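Visitor: Chain by chain, the residues run as shown.
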Amino acid sequence: MTSSASALVDVQGLVKHFPGERAFFGLGRPRAVVRAVDDVSFAITPGQTLGLVGESGCGKSTVGRTILRLIEPDAGRVLIDGLNLLTLGSRELRALRRRMQIVFQDPYGSLNPRLTVRQTLAEPLAIHHLATGADAGRRIAALLEEVGLDPGFATSYAHELSGGQRQRVGIARALSVEPQFLVLDEPVSALDVSVQAQVLNLLADLQQRRRLTYLFIAHDLAVVKHIADQVAVMYLGKIVEWAPAARLYAAPRHPYTTSLLSAVPVPDPMAQRRRIVLTGDVPSPAHPPAGCPFHPRCPHPKKDARCRTEPPALREVAPGQLAACHYAEEPL
Amino acid sequence: MTVWNWLAVGGAAVLALVAVAEIRRRAGTGTSARRFFRHPTAAPALFVLAFFVTVALAAPLVTPYRPYVQIDIARLANHAPSAQFPLGTDPFGRDVWSRLVYGARISLGIGALAMLVAVTTGVVVGGVAGYFRRWVDATLMRLVDVGLAMPRVFMLLMVVALWEHVPLTVLVLLIGLTGWFGTSRLVRAEVLSVREREFVAAARALGAEPARVIFRHVLPNAAAPIIVSAALGIGNVMLLEAGLSFLGLGVPSPAPSWGNMIADGWPKMAVAWWASTFPGLAISLVVMALNAVGDALRDALDPRKETA
Numbered sequence: 023m024t025s026s027a028s029a030l031v032d033v034q035g036l037v038k039h040f041p042g043e044r045a046f047f048g049l050g051r052p053r054a055v056v057r058a059v060d061d062v063s064f065a066i067t068p069g070q071t072l073g074l075v076g077e078s079g080c081g082k083s084t085v086g087r088t089i090l091r092l093i094e095p096d097a098g099r100v101l102i103d104g105l106n107l108l109t110l111g112s113r114e115l116r117a118l119r120r121r122m123q124i125v126f127q128d129p130y131g132s133l134n135p136r137l138t139v140r141q142t143l144a145e146p147l148a149i150h151h152l153a154t155g156a157d158a159g160r161r162i163a164a165l166l167e168e169v170g171l172d173p174g175f176a177t178s179y180a181h182e183l184s185g186g187q188r189q190r191v192g193i194a195r196a197l198s199v200e201p202q203f204l205v206l207d208e209p210v211s212a213l214d215v216s217v218q219a220q221v222l223n224l225l226a227d228l229q230q231r232r233r234l235t236y237l238f239i240a241h242d243l244a245v246v247k248h249i250a251d252q253v254a255v256m257y258l259g260k261i262v263e264w265a266p267a268a269r270l271y272a273a274p275r276h277p278y279t280t281s282l283l284s285a286v287p288v289p290d291p292m293a294q295r296r297r298i299v300l301t302g303d304v305p306s307p308a309h310p311p312a313g314c315p316f317h318p319r320c321p322h323p324k325k326d327a328r329c330r331t332e333p334p335a336l337r338e339v340a341p342g343q344l345a346a347c348h349y350a351e352e353p354l
Numbered sequence: 540m541t542v543w544n545w546l547a548v549g550g551a552a553v554l555a556l557v558a559v560a561e562i563r564r565r566a567g568t569g570t571s572a573r574r575f576f577r578h579p580t581a582a583p584a585l586f587v588l589a590f591f592v593t594v595a596l597a598a599p600l601v602t603p604y605r606p607y608v609q610i611d612i613a614r615l616a617n618h619a620p621s622a623q624f625p626l627g628t629d630p631f632g633r634d635v636w637s638r639l640v641y642g643a644r645i646s647l648g649i650g651a652l653a654m655l656v657a658v659t660t661g662v663v664v665g666g667v668a669g670y671f672r673r674w675v676d677a678t679l680m681r682l683v684d685v686g687l688a689m690p691r692v693f694m695l696l697m698v699v700a701l702w703e704h705v706p707l708t709v710l711v712l713l714i715g716l717t718g719w720f721g722t723s724r725l726v727r728a729e730v731l732s733v734r735e736r737e738f739v740a741a742a743r744a745l746g747a748e749p750a751r752v753i754f755r756h757v758l759p760n761a762a763a764p765i766i767v768s769a770a771l772g773i774g775n776v777m778l779l780e781a782g783l784s785f786l787g788l789g790v791p792s793p794a795p796s797w798g799n800m801i802a803d804g805w806p807k808m809a810v811a812w813w814a815s816t817f818p819g820l821a822i823s824l825v826v827m828a829l830n831a832v833g834d835a836l837r838d839a840l841d842p843r844k845e846t847a
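If you're matching them up, the sequences are chains A and B in order. Residues 23 to 354 (this note's numbering) make up the first sequence, in order. Residues 540 to 847 (this note's numbering) make up the second sequence, in order.
Everything labelled a hint here was simulated from the structure, so no lab data went into it. Among these hints, one or two may not hold up.
Said to hold, decoys possible - In silico contact screen, one side only, chain A against chain B (beta carbon under 8 Å); selected entries:
1. R119
2. I124
3. D128
4. L133
5. E145
6. P146
7. R195
8. V199
Computed from a prediction, not measured in an experiment: that's the story for all the values here. Ideal Cβ positions, reconstructed from N, Cα and C, are used throughout, including at glycine.
With the hints as constraints, model all of the structure from the sequences given.
Guide: Following this line, the structure appears as structure tokens:
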């Protein structure tokens, strides 16, 4: 992957296993562990966007939340500008939280229904002692304008806003502490298609203007295509392919990426396309298959006993492109 | 009972009516307000409560006698209701109406304060248990299990027995501190669900400390069941206080609480039914009103019906 030295965000060997519930009042044997994130590493250079793509349940949101320590990871290191986030005390962590923020998927659940937009945006300013009183009012108005909302919305409650407007408020809240790094956890998945484009454009503008670094989480390669510089594809808690965006879309090496790409709609009815429809469901992350985690659903013609027994390592298969497939040299 | 007293009672009734109308107007046409007043008993219940509160506050204006005054124990004990004594006199020759009104101060006051103690404790314990989970939750909830398994009345009787005359503050604290277990369960369940919502994660990501997250983001969104349980709980507390006082172990005599008044009157029930019956009616009326308001609040605030 990219060299760690120049990275703003450097994630190394991140692991998060959720223990299964113990049966019978916590006295029984613990059930199988869910390996939500299983040894994930990546780095993002300042000002760049990493797209993190995968089906629901593959652990991509857990990655985003663990990086912000909203969920405590079990192992690994998360370096923000060289500082290891996971060993920080609560004071230093709070200071560092100014530099990294998150935008959530659900614009309905991510705003406190009891607060007005102004109260929602004033809170981070108060927590980090950035502004109070009239000064805070000016900053809130400026933030609302920056995300394309009329400052008059300051007195509205979340339920008085549309989905797109709420998502803009969520973005304004994340920007209020002037972060360098944003985790965008499926920021447009819950929006109408027309609104999706507006919000994506807004995010792209903000990135340019504020020189932001993004981790853009999505379940859909099409959404990531226009905004990501690098794309990582996750399957069952592991990164299975990593490449510069242009390269990944042009020449995917992992059969899972290929099948995801074949599902992206093409706005040309005459286009000749080969659809790869995956059969079966995603295996439970509590019982991942032996060998390559993708092998039960893999459409690759050369699939063999090796795939069923030996987990493929994530290795460089082309300059800047990594894939975890034994047959990455012979892509689908 | 003088003309002025009657006028003051009428004034209190008018004031209570105005208060209910004002609440109705202020609440406006919001969906929760509509759901609240759709209950046919909600407005009358509010009126009953407003009336008793007004009268209790204005006690010296609406009553002809002080509650302790034995007017003329030889000739005016067990006097039937009349123009002078609208609710009669008790076996000690005291005006029942005057004692009823001053008793409202004590009975309503104990109910409200004890419930405040109970709800505050329950909210803090339930909020902390639900937010921090793990061993904090396990420890606190086992404590609550113990509390719920203890027979409350006997526990109160035993503790009260330590005093000859229980100070009112102690009584309030005792009733309050034995009454929060159910509330804390309720709050914990609500907090468990609210804490998973994304605005809570957003607040944490912004660097908000646990206290800010709990009191600003989690609890306000868990308020509905707390308010309902408090409204329903006051009635329970009042009944408990009345029971204790009736047994002579609650509010020390001769202070007029409604439970005391029933106790004072019941030996003469056969000849002077009014001395016990009116305070009994007052208790029933107020508890019924509280339950009606609690039910209406439950429907009005039910988050599953909330549009936002």
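Visitor: Run every hint past the structure and note whether it holds.
Guide: To see whether the hints hold, each was checked on the structure:
no. : hint : verdict
1   : R119 : holds, 4 Å
2   : I124 : holds, 5 Å
3   : D128 : holds, 6 Å
4   : L133 : holds, 6 Å
5   : E145 : holds, 7 Å
6   : P146 : holds, 5 Å
7   : R195 : holds, 7 Å
8   : V199 : holds, 7 Å
When held up to the earlier numbered hints, the structure conflicts with none and fits them all.
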